[in-house]
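Asks: Sequence:
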Amino acid sequence: MKTRTICLLLLIWTPCLAFAQAVTAVPLTPTTTEAPASPAATAQPAQPAAEKEAAAPESYDSLAQRKSQLIGEYRDAEQQQQSELAIEKLAELFAVEVKLLEMAEEQLGADNVDLANAYRATPQGDGSLLAFSLYELGDYKRSAEFYSQTLNIARRRTDLKLEVYNDLVWLNRRAQRLAEATPEEIERYNAALKTSKEVEALMGAKQYDRVVASGPEALATRREIAGITPRLASEYGSLAAALVKTGKNEEAEEAYDTTLEMYEQTLGKETVRYATILYNKAIFYRDLDRLADAEAALLETRRIENRLGVDVESQMMTLNEIAGLYRKTQEAEKFDGIVGEYRRLERNSHLGLVALQRHIPLDAYLVGSFDPAALVEDESLKFLPHELLASLSSGAFGVDPAAIQSAVGFLSVAPIEQALCWGVLLKPLVGEQLALKLPVETAGASLGDFNYQKTVSESGGVACHGTLADGTLFVGTEAALKQVLAMQRAKPEVAESSKLSRRLREMHGSGKALVAFDMSKVQLFAQAVFAEMPPVPPQLANLKSLPDHLDSASLVVSFKESPYVSLQMLPRADSSVDNLGAIAQQALEFGANQLLQTVTDGVQAAGSPIAQPVQAYLERVIRAKYQELTPRAEAGQLVIQMDNILDVEAALHVGLLIPAVQGAQMSAQGMSGMNNLKQIALAMHNYHDTYATLPGRRVRPDGKPTGLSWRVHVLPFLEQTELYEQFRLDEPWDSDHNKALIEKMPAVFASPGIELPAGKTIYLTLDGSGTLMQNDSATRFRDITDGLSNTIMAVEANPDQAVVWTKPDDLAYDPQQPLVGLGQSRPEGFYIMLADGAVRLQSADVDPKTVAAMASIAGGEVIELE
Numbered sequence: 001m002k003t004r005t006i007c008l009l010l011l012i013w014t015p016c017l018a019f020a021q022a023v024t025a026v027p028l029t030p031t032t033t034e035a036p037a038s039p040a041a042t043a044q045p046a047q048p049a050a051e052k053e054a055a056a057p058e059s060y061d062s063l064a065q066r067k068s069q070l071i072g073e074y075r076d077a078e079q080q081q082q083s084e085l086a087i088e089k090l091a092e093l094f095a096v097e098v099k100l101l102e103m104a105e106e107q108l109g110a111d112n113v114d115l116a117n118a119y120r121a122t123p124q125g126d127g128s129l130l131a132f133s134l135y136e137l138g139d140y141k142r143s144a145e146f147y148s149q150t151l152n153i154a155r156r157r158t159d160l161k162l163e164v165y166n167d168l169v170w171l172n173r174r175a176q177r178l179a180e181a182t183p184e185e186i187e188r189y190n191a192a193l194k195t196s197k198e199v200e201a202l203m204g205a206k207q208y209d210r211v212v213a214s215g216p217e218a219l220a221t222r223r224e225i226a227g228i229t230p231r232l233a234s235e236y237g238s239l240a241a242a243l244v245k246t247g248k249n250e251e252a253e254e255a256y257d258t259t260l261e262m263y264e265q266t267l268g269k270e271t272v273r274y275a276t277i278l279y280n281k282a283i284f285y286r287d288l289d290r291l292a293d294a295e296a297a298l299l300e301t302r303r304i305e306n307r308l309g310v311d312v313e314s315q316m317m318t319l320n321e322i323a324g325l326y327r328k329t330q331e332a333e334k335f336d337g338i339v340g341e342y343r344r345l346e347r348n349s350h351l352g353l354v355a356l357q358r359h360i361p362l363d364a365y366l367v368g369s370f371d372p373a374a375l376v377e378d379e380s381l382k383f384l385p386h387e388l389l390a391s392l393s394s395g396a397f398g399v400d401p402a403a404i405q406s407a408v409g410f411l412s413v414a415p416i417e418q419a420l421c422w423g424v425l426l427k428p429l430v431g432e433q434l435a436l437k438l439p440v441e442t443a444g445a446s447l448g449d450f451n452y453q454k455t456v457s458e459s460g461g462v463a464c465h466g467t468l469a470d471g472t473l474f475v476g477t478e479a480a481l482k483q484v485l486a487m488q489r490a491k492p493e494v495a496e497s498s499k500l501s502r503r504l505r506e507m508h509g510s511g512k513a514l515v516a517f518d519m520s521k522v523q524l525f526a527q528a529v530f531a532e533m534p535p536v537p538p539q540l541a542n543l544k545s546l547p548d549h550l551d552s553a554s555l556v557v558s559f560k561e562s563p564y565v566s567l568q569m570l571p572r573a574d575s576s577v578d579n580l581g582a583i584a585q586q587a588l589e590f591g592a593n594q595l596l597q598t599v600t601d602g603v604q605a606a607g608s609p610i611a612q613p614v615q616a617y618l619e620r621v622i623r624a625k626y627q628e629l630t631p632r633a634e635a636g637q638l639v640i641q642m643d644n645i646l647d648v649e650a651a652l653h654v655g656l657l658i659p660a661v662q663g664a665q666m667s668a669q670g671m672s673g674m675n676n677l678k679q680i681a682l683a684m685h686n687y688h689d690t691y692a693t694l695p696g697r698r699v700r701p702d703g704k705p706t707g708l709s710w711r712v713h714v715l716p717f718l719e720q721t722e723l724y725e726q727f728r729l730d731e732p733w734d735s736d737h738n739k740a741l742i743e744k745m746p747a748v749f750a751s752p753g754i755e756l757p758a759g760k761t762i763y764l765t766l767d768g769s770g771t772l773m774q775n776d777s778a779t780r781f782r783d784i785t786d787g788l789s790n791t792i793m794a795v796e797a798n799p800d801q802a803v804v805w806t807k808p809d810d811l812a813y814d815p816q817q818p819l820v821g822l823g824q825s826r827p828e829g830f831y832i833m834l835a836d837g838a839v840r841l842q843s844a845d846v847d848p849k850t851v852a853a854m855a856s857i858a859g860g861e862v863i864e865l866e
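For the sequence shown, the residue numbers in the working numbering are 1 to 866.
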């Protein structure tokens with residue numbers, strides 16, 4: 001099935017407290033432009049300034065005071081697990097909020113729409129929570145009443161998304177039908193609802209036979225009695241997947257049709273949820289060889305995705321399936337059209353590089369990469385000599401650069417018997433096949449079951465070329481080929497964790513050429529070579545000590561609208577940026593002086609009457625570029641950068657002003673860590689979807705204290721149910737039984753590229769007042785009034801802050817010193833996981849005030865992220 005990020009955390013299902021929004025904290029004055037602040041920030045609601053007699057200030061004060069009192073009573077009832085009392089307090093709170101809203105709407109009028117919408121959000125959210133709580137309690141009549149009231153408020157919100165509104169409409173209809181149902185129907189419905197919850201657990205455990213045995217009847221009963229909702233549609237979609245797994249194809253197709261029909265009736269076709277089910281149905285048809293049905297479903301999926309502007313990877317997955325169909329049916333014209341559309345998307349992705357990275361040997365010390373097709377097709381690079389390059393490449397090697405999605409070249413540590421070990425990997429665009437044609441005689445050879453061609457030059461050197469299983473073309477030495485084939489047997493995460501591979505992904509971008517170098521792989525060899533260098537000018541003498549100070553380096557050359565070249569060098573642990581800077585500065589100064597002398601000699605030798613002004617101009621350009629190249633320290637690295645490299649002057653000097661040293665990489669860090677955090681964020685959201693709350697640090701979903709970390713309690717949502725069931729939840733993390741499970745820490749809690757003691761993690765939440773996760777209470781998304789996209793859910797802390805992953809400890813947080821424990825996990829910054837599921841690489845020199853603002857869930861701060 002297609003993997004996509006789908007927002008199923010509906011506003012109306014989000015259990016949130018009313019005090020997380022702030023209706024009463026802002027004076028109800030028509031001229032106010034600020035969004036409502038949290039009641040926690042204002043102990044007493046302000047009295048409206050205008051028209052005191054008309055606004056009835058005594059009534060307003062009493063309502064505001066009553067609201068504050070009810071918030072406390074509701075919180076106490078919830079903490080004491082008195083669910084019925086909590087619902088009654090929430091009902092009283094909702095009634096007070098409705099009255100306050102009426103006062104706000106009357107005073108604000110029709111002019112201040114944004115502020116009016118902000119005031120409506122609180123009773124809408126709490127009304128939805130109240131209605132849903134009553135539904136869960138089985139009080140369907142009262143649930144219907146409050147859904148109706150909530151829907152009336154939602155209709156007045158001009159900023160409410162249509163999909164959220166439609167969800168609320170259909171939940172209201174369900175509640176109305178249940179309110180009118182007979183006692184016998186209610187009994188049947190409740191039994192079916194209980195079965196559906198059991199089926200959901202079975203689905204997570206992949207017990208598909210049991211799912212299809214009891215799931216259909218329960219869903220049919222719920223549909224018969226309460227009607228359809230988007231939630232019910234999603235459950236039918238899960239049933240369809242289970243039916244496919246058990247080979248019940250006819251029933252699976254019917255379940256897919258039912259899901260689509262429900263989504264169309266409730267949310268409409270133009271939604272990600274509808275497109276996702278339609279894609280899954282298309283794959284179902286494809287596997288049954290019903291190609292015409294698969295084509296129709298995929299084309300409709302593509303239309304919806306294109307209109308909605310979903311992520312590039314999802315669109316490319318759909319196009320790839322369509323192309324596969326047309327290749328199978330041999331419809332060349334349609335195939336070419338889809339390939340063209342796919343290629344346009346490829347330029348905006350790094351999927352080609354990701355596909356090649358798994359082939360890069362672990363012994364590689366120098367890697368370079370660029371995307372030929374993107375360079376050829378990029379409109380901003382149309383003045384490059386594409387035709388000449390294509391002619392030369394096709395004529396000499398039989399390979400058209402426009403057919404190559406991504407190219408990677410590498411040098412790796414060679415076996416003793418070979419002087420050089422090199423290879424080139426070429427990933428074709430979808431629909432293309434790369435076949436190398438060399439103007440020399442070749443002979444067939446094999447390594448195991450891999451067949452390839454090799455040539456033997458007069459000097460005895462051997463070059464090989466062959467096509468790997470995924471269509472990648474390899475060219476290089478036999479030793480390099482052996483290393484590449486060995487990577488096929490390695491786990492994908494091994495290749496992904498390579499310093500060079502991760503660094504290339506970080507630097508990747510359309511119109512860029514990348515080089516990364518790992519000095520640690522060739523340290524001794526480099527020291528020997530530099531020691532044997534012939535005499536050099538005194539200004540370059542320090543170059544001989546470069547291997548003693550350089551750990552790694554990276555080089556980026558961008559050809560886009562603002563072309564630049566940037567060299568970044570990371571010092572060894574026993575050296576410093578200053579040492580590298582001294583070497584680079586002397587080399588740059590020597591190069592600039594040599595170039596100035598060359599220009600002077602050349603201009604003077606020309607004897608032109610304009611020699612002096614030309615010399616003055618060229619000297620000015622050289623000095624300006626020299627100043628631009630001044631080395632600077634950034635995040636523990638030495639950076640040398642030149643902009644506008646396609647200028648005539650810059651193109652002339654770029655090879656002379658940069659020292660002749662190998663490009664290499666800065667400290668490794670990559671996408672694997674980001675992907676881990678994204679998986680954890682998705683697990684948090686699924687946990688919230690299931691329990692209507694986020695996990696607490698020391699509290700279980702049922703409110704009971706726990707001695708195990710939240711990381712343990714999200715295991716079922718990380719496909720780790722089997723491990724989760726091994727824990728004794730009523731024992732602390734360091735009990736004899738639970739301690740034995742520490743060594744089974746899932747890979748998702750590890751930080752790739754960062755060495756930590758076994759069983760420890762640095763993926764932590766912030767432990768402090770006002771943050772997302774509390775020790776003795778649980779947070780709902782509705783409590784996060786600062787916005788999910790502005791609030792930190794978890795961070796990648798410094799290695800010295802690592803904790804045992806099962807222990808309910810996290811990063812101690814002080815809002816006065818918000819960066820303590822952060823910023824040292826990676827040279828270029830640290831990862832933060834936001835409450836909306838996004839993951840950002842945050843610079844280590846971020847303003848502490850920004851982090852403090854993002855740490856609070858209801859601080860009301862204005863945050864401007866870069």
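Hints in this document: simulated from the structure, not taken from any laboratory.
Do not rely on the hints blindly, as some may be mistaken.
[Said to hold, decoys possible] Straight-line distance between alpha carbons at most 30 Å, and here's what the computed DSS-like set of lysine-lysine pairs gives: (1) Lys544 / Lys454; (2) Lys744 / Lys678; (3) Lys454 / Lys482; (4) Lys245 / Lys194; (5) Lys678 / Lys760; (6) Lys482 / Lys544; (7) Lys678 / Lys512.
[Said to hold, decoys possible] Okay, the calculated beta carbon distance ranges per label pair: (8) Phe525 / Thr721: 21 to 31 Å; (9) Arg290 / Ser566: 37 to 47 Å; (10) Ala213 / Ile186: 18 to 28 Å; (11) Gly703 / Glu102: 43 to 53 Å; (12) Arg188 / Ala812: 13 to 23 Å; (13) Gly703 / Arg290: 19 to 29 Å.
The structure displayed is predicted, hence computed values, not measured ones.
For every residue, glycine included, the Cβ atom is placed at its ideal position computed from N, Cα and C.
Asks: Taking the numbered hints from earlier one at a time, note which ones the structure violates and give those numbers from smallest to largest.
Replies: 1, 6, 8, 9, 11, 12 and 13
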